[in-house]
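Two independent chains are provided; combine them into the complex using the hints.
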Amino acid sequence: MKLALKLALRDLRGGLSGLGLLWLCLAVAIAGLASVTSLASSVDRAIADNGRQLLGGDLMLSVAQRSANADEQAAIDALGRSSKSVTTRAMLVTADGRSLLSELSGVDSAWPLAGKLDWAPGSKRPDVAEIAIGREIAERLELGLGDRLRVGRGNYRVSAIINKAPGASGFALAPPSVMNEAGLAMSGLIQPGSISSTGYRIILSEGADGESVGKAFQRQFPEGGWRSVAREEAGAGTRRFIDRLGQMLLLVALSALAIGGLGMSSAAAAFASSRRPSIAILKLVGATRRTVDSMLFAEIGLISATAILAGIAVGAAAPAVVGKLAEGLLPVTPDTGPQWLALAEAALFGVLITFAASWRMVANAGETRPARLLRGDVGNGEPLRWRTFLLPGAALTLAAAIAIASASDPMFAAMGVGAIALLCALFALIGVAVRWTARGAKHLGGPITRLGIAALDRPGAATGRLAVSLGLGLTLLVTLAGTASSVLAEIETSIPKRAPALFLVDIPRAEEPRFRQMTGQEVSGAELRMVPSLRGPVVAVNGVRVADMKDIPEGAWILRGDRGLTFSGELPPANRIVAGKWWSNDYRGPPLVSIDVDAATALGLKVGDRLTVSILGRPIEATIASFREIDWRSFGFNFAIIFAPGSLEQAPFTMMATIAPPEGHSTASLERRLTQELPMVSAIRVADVVAEVKSLLESIDGAVRVATAFAILMGMIVLAGSVVATRRQRSREIILLRLVGATRGEVARSQLVEFLGLSTAVALAAFGAGVVAAYLVVTQTFEFPFAPDWRSLALIPLGAILLAVAAAFVATIPALNARPAAGLRAL
Amino acid sequence: MWLRNKPPNCFGMKEALIELDDVRLTLGEGEVRTEILKGVSLKLQAGESVAVLGPSGSGKSSLMAVVAGLERADAGQVRLAGQDIGGLNEDALARLRGRSLGIILQAFHLLPTMTALENVSVPLELAGVDDPRGRAAFELEQVGLGHRLTHYPAQLSGGEQQRVAIARATAPRPELLLADEPTGNLDSKTGGAIIDLLFERAGHAGAGLLVITHDAAVAARAGRTVHMSDGRLTA
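In order, the protein sequence lines correspond to chains H and W.
Under the numbering used here, the first residue of the first sequence carries the number 2, and numbering increases by one thereafter.
Under the numbering used here, the first residue of the second sequence carries the number 31, and numbering increases by one thereafter.
Since the hints were made in silico from the structure, they are not lab data.
All residues carry an ideal CB built from backbone N, CA and C; glycine is no exception.
Check the hints yourself; a few may be wrong.
Some chain H residues flagged as far from chain W (calculated, every beta-carbon gap over 10 Å) [claimed, not checked]:
(1) 82
(2) 88
(3) 499
(4) 574
(5) 602
(6) 631
(7) 665
(8) 737
(9) 744
To give an idea of the chain H side of the interface with chain W (calculated C-beta under 10 Å), a few residues [unchecked claim]:
(10) 4
(11) 11
(12) 13
(13) 15
(14) 279
(15) 283
(16) 284
(17) 289
(18) 290
(19) 370
(20) 371
(21) 373
Not close to chain W: a few residues of chain H, all C-beta gaps over 12 Å, as computed [as the list claims (entries may be wrong)]:
(22) 389
(23) 563
(24) 699
(25) 757
(26) 773
(27) 777
Just chain W, same shape as in the assembly (with noise of 0.2 Å):
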């Protein structure tokens, strides 16, 4: 029933979901100015997933920041499906978000005052889909979470907020699913748990993905892998 209602995107099927293009960012001010990436390239074709694995402060999370608009790469191109995001302005980035990209974070950041229901019915109500409700709830249940809709973050664990992140994700139906250290704040039993979620999702709605980690082991779940040093990737 909700298919019927799934919103526009911008994404077509022929064009690589993500092309960087020598990418470069640099961030902070004055003496303190860094810089992140270095000159990254890097393609993911639709349905793809692609692993980042690297150590702490090599510029993978700020390579997925630049991917998801969230920061504006200083030179190169990030085009999203053929579309140069660069001179999208925060609003169109914002929508281009709520419609196309589901974004999961190590630190879950739900909405504290709403209810797991209410938190992945956010950005279905943001794009205007009907019965954001009945949706969210559904996709709850298929994240096993059917039980808990009315729960707020603080009553539920780690693994299972983690579990509403994804659900409040994937529930736009995106094209892409962008994870930054899914697993980061989880022991490695739960962690295990929510990194077979993550990408039984991702294959049951035909999303590309591109996983941030440091972890090996979740970085073999990918279809390719490619390493971060320095603000450099490397095959």
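Only chain H is shown next, with the shape it has when bound in the complex (with noise of 0.2 Å):
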């Protein structure tokens, strides 16, 4: 082993010969793949070590629509020191009108019970007639210390602006506001009904477990319909955007390290074809295979432990350089240290691409025969065998394996990976049929164009692996951009035309005639529809509690904290009976209900099964008495959980509204009378909602759409450098082509033939790819009509066609430009 790595690195010295090539691909790759893993691991780690300061406490017990009775205080204060907070949704009032809905708080003397408040200078907590606002309040309002908001019935002076607070985890629609008890009490929002929660959060003592802890009050208290977060579990939903995320830039990086491959086996051809004939000279002198193979394989190992590591090093830097780029977007700043599980899993990624892109041409090249050396063939490969296929089919294998293994979601990376294989077996049968075209077609036109032609199907030529290194990234690209422009047209034009202007909540009952003719006054001939509302958990599921339950479906959603209730004689519309009966508009037996179909099946449901809601602390059992198919997409009132009536008209309730004015009528007018008159009710304007999820859908295709063009990028560095790698046998040609008196425009354009031919080939099949793909994930998984910008999505083959023929000139420019007379006397 000694003597080989002496002969690899002397052999080193004659420059990298291909190595150059594998040596940026994998370095690229690496970089990519380390990059998106060790910060997704680094956001995991610093939510995991931050959960204390994401939750304001060790645990959290809320409730919905209630206070703790005193049982339930007393167990909670047996459980350590806490702190309460009443949430709830309000709209903060400008002096000239100007109103915004905040997610407002009330909070005792002892918040924040743990982590620290970030506010700006000179604020100060909030007293009775004061509130704290979050910084995205101040700033859509333009308001400053000292400004004066109102809330509700009360009037309140500007005393802090927060950047942020502890237990303010995850992303919300509608920004943070805090008041203290005394406050919130005199905005007069919080009534029987109205929709509120109250959060515990508790500092339990040294050791103990959150999690058991809150599961033993929820079995202390069945029927209260408590949730309870531990501080592990905080940031959940930041966990879950950060863990998709990562999944799909992860399966970009994972195109983009086989394209890499690809790249890294044209470069390990072009080595290996470089080194037979030392190879043949050092087993004229003696060498055994053994020495030769490990000689190949110390250089290929050297060079690719370089490139591993400058790899690596990029993926370490990654969570630094994007925490402080995406800061504030966050709700933690990712761990700046090395993430070192991320980086040896994509360290190892490295090592069997590596394998698995050298190992058949390195076996390759030991196999050359010194004989060769006689009769001047020494560069020519030896005949692939078979066998040689196998340890890097394993290689890539296991490759998956571990990709599919250590994914939060296997079976989204296993779908993702099949998907990578298929693409790749699809391009390689696409650089087939381009093979076959061009022997059919290489003796049309003139000599130039047939030379072009045939340089697509000349012996050693890399149009498989050009059409699947660019072909994926290119797919990849017109499947994101098919997508993300069908489903943002949806949400711009589609969705704000069937969807209610504005949504209106905690109206309260007494006040509903009132309400409807404010609604009829201000915005004539607009289509109103109320309903009641009520909040409350699913506690039990026919007999056996939520809280006993080990494993909750990964699509029962309604089992996982509140869930808006309402109750109807009528079926919704939007809704259709799939499964049961629909109760008549007068019933008024025991209490029944109707669940969403898909919810219904996550839990393996059937109708006359039994739910049991906790409303107000008060358990209500239900028949289950139909299964709903509804139609999210109508952007109505859309309850998962309906309830016949008769059940719980005797809980205090609030009513919620949908208002569609007439084309071309603004709700201006009614939501300014609304503040002022009916200051408890809430807005939310369908506009800022459709607003908020354009600009974080955009944030997700931006980031998506970056790490695909890195994908990109990756296809073209594959597609130079295998010209570079066959810069031999194109120079060859090129200098005869011009020793028989061809200039150089006309060999330029055999050139451009090969590359234009190939490209465009590669450009068509992945426009079909990709537009296939997004028609599937549009239709099938948004369940949106497909729509997509065509335009657009056109421009992306076209350029990439551009930018593929610019990438094989520049590659192409030395070889043109030798003089005939030199290149002779090399050849």
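What follows is the structure in structure tokens.
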């Protein structure tokens, strides 16, 4: 081994001969992969390490629309020091009538129980008639310290601007604001039935396990509808978001790695070809196959080790860099320390992909027979044996297995890896088709055209590898662009047309007639729908308490947290009964309930089963009368759980409303009047929600597009690298052509025919595959109509063709500029 | 000093160094399949020098390739010092070449990324000999290149490159030297000097020498000349 290393180091003095491309492809691919995995891991770790800060305690117990009763309060007090906060949604109204929806919390004197408040200089804790507002509110309503705001029936002075507060984790549509308990009471917003939740953040004794303490509390008060979040589970929403985004980026990074692997394979082939004379000489003077193989692997090992190190160095720096760039977008600053596991995983992928890409070439070069030195054909490879595919195949399988096994959602990862494999196979077939076509068409046109066509099918041509490396990234980009433009078009244009302009919550029952009258006066001709609104968690299914369930199925989201509830005699619009029967309008029997069919399927429920819902701490068990298919795209009131009349009317509840004004009519005057006359009513503008969702989607789309551009860049590197790798053969052809009288322009044209032919075939296939994939994602996953922006979509393959031809041309320039005399001496 | 570390070899002194018996060789596939050697028999004794003289394409180089174990005979026997090399695998043949054969080719075939010293020390390193660099330096001094140890092949003239190749071939103290058109790429003056050196080094080492050439003057330097024509040897 020592001798092999010595020989390898001496051999490397002669230049990298293809290993430069291998280094570049590997370093860039590992940098991408390590950055994605490192970043996901650093956010995860930051959330885990800052659980107490994010939650504002070790454990949070919360309950909807009420506070703890005496027994419950005693049990909470027994757990440790605690802080109580009541959270609701409220309209903040400025002196000049501008308003904004906020998530308002009324906190006790112990707040914040854990973690630090980060607020603007000059801020002070809010007193009775004071309010602390989030920075976003201050910016959107142009408020400063000392300015005044109206909330519900109360008037408040802004005493603090909060940059970040403990307990404010995750993404919220409404920015936060904070008052003290007396201040919240002064607003009059918390009335029986109004939508609110009371949270108790608790500092547990050292070593106590928050999750089991929370579960025990839930078991102690099974009918109370308590929700428990331990600090280990804090930031679960952010985690899920980062996980999903991370998975998408991981798939793109894996695609880039696959593309890079193909480039590495071309590079290894060029390297192996360049080393054959040396191998033959070494064998001539006594080197065994083992010595030669060890030398070659030592060379590839040295180069790939430095590439992997460079890649993981970039990956190690990614959390700090992205953390700085995305400051404020994430609730936590990513952990800037090295994410060893993620980096090790990326390095392992690097080793496996290097092995898979280079093994066959090195094994083939190792078989070089020294007798070829005598015949002068030492540069040509030995015939490839089928068994040289076995070990690379095993390495790729292992890499795919690791990618799937280490993913947070193995099923998604498996589908992604499967899709990458399928696309590789598809474009390999395209490559074969291009070769076949070239073989059939090589007699067409003049000599220059013929030469370009024939180059696509020359022995050792990398047509297949190039088809895959260009096609994979391009398909991803077309899929992404097609999906994003369809989804954004739906959100931007179709949803606002279909959805009502305003959602209004917390309308007191007694004020319903007045509210209707105001709406009629301010927005005449508007379509108004009003439904009763309650909140409460599902606490048992068929008598089995949710708190006692070990695993909650993936699609059974109705069991998580509080659910919006209503009761109705009529089947709501956009709902369709798919099992059981809807009750009569004047039903007055035992409690019946109708639930969303998807949630029912996830829970394995059938009509006749029983569901227990806790409303204000009182359990209500109802029999499932029917399952409904809900068209969520209708953007009306879509409740997963609807009770029959007769069960909930006695509970305190408020009303919700939707208002769809006639086209061209505004709801602004109604909103202004509501803030004056019914200040407890919160108005949610659909346009604001759409803008928020759109902005979030555009951020995700942007991140994934950057990653996809990276995959395409990788494809271009591979293309240019492949041209460089076949430089010897190209130079020979170009020199011979120029020797027989071809001008540089004519030679360039033959290259153009080759690159244009290949990139056009691949771009068209990628466009087709990408459009099909986008169609499936949009219509099946999002259940939106497929309406992409065809014009910008069509620019992608056109741009790719131009880019590919340009990249290939740049790589060909040295060969084009070579002087025939100098070239002939080198031949 | 280095003679004590001379690597073991498989050659005994009683047997003929080379013994070819009705050797046949066919190369190429399908329509281009050509019979190169058509029943060649040859003996070369220890310390003897034999020149194989013949025109281009007569099969001279293929004969040398068969003797060096670079090509496998399709029929007949190839024995080196009494050992039939037909049964040896590629690695065993490589080891045999490393320890007992020194090969010099027309196009020098030095490793371009290694200095003259390293080129000569490679076979010694592969054979696990002690102090390979010291021995390689000694060998280069013997061929008059003591001042060119750290030069790369590209920095050497054709004659100097062939001297390095001779030093590389003789460094492991082989029993047999094989030279295929050693002056083919050199001018006549340099070629003459190389032939002098080749015979001097072979004689100094007491090694048998098989020289492949189309140059009668070179052949005249050998103890015996055999003629090759259309894949057959004539005395």
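Hints versus structure:
no.: 1; hint: 82; result: holds (73 Å)
no.: 2; hint: 88; result: holds (72 Å)
no.: 3; hint: 499; result: holds (71 Å)
no.: 4; hint: 574; result: holds (78 Å)
no.: 5; hint: 602; result: holds (64 Å)
no.: 6; hint: 631; result: holds (71 Å)
no.: 7; hint: 665; result: holds (80 Å)
no.: 8; hint: 737; result: holds (22 Å)
no.: 9; hint: 744; result: holds (33 Å)
no.: 10; hint: 4; result: holds (6 Å)
no.: 11; hint: 11; result: holds (5 Å)
no.: 12; hint: 13; result: holds (7 Å)
no.: 13; hint: 15; result: holds (4 Å)
no.: 14; hint: 279; result: holds (5 Å)
no.: 15; hint: 283; result: holds (7 Å)
no.: 16; hint: 284; result: holds (5 Å)
no.: 17; hint: 289; result: holds (4 Å)
no.: 18; hint: 290; result: holds (6 Å)
no.: 19; hint: 370; result: holds (7 Å)
no.: 20; hint: 371; result: holds (5 Å)
no.: 21; hint: 373; result: holds (9 Å)
no.: 22; hint: 389; result: holds (17 Å)
no.: 23; hint: 563; result: holds (73 Å)
no.: 24; hint: 699; result: holds (53 Å)
no.: 25; hint: 757; result: holds (36 Å)
no.: 26; hint: 773; result: holds (45 Å)
no.: 27; hint: 777; result: holds (49 Å)
This entry satisfies every hint, going by the numbered hints stated previously.
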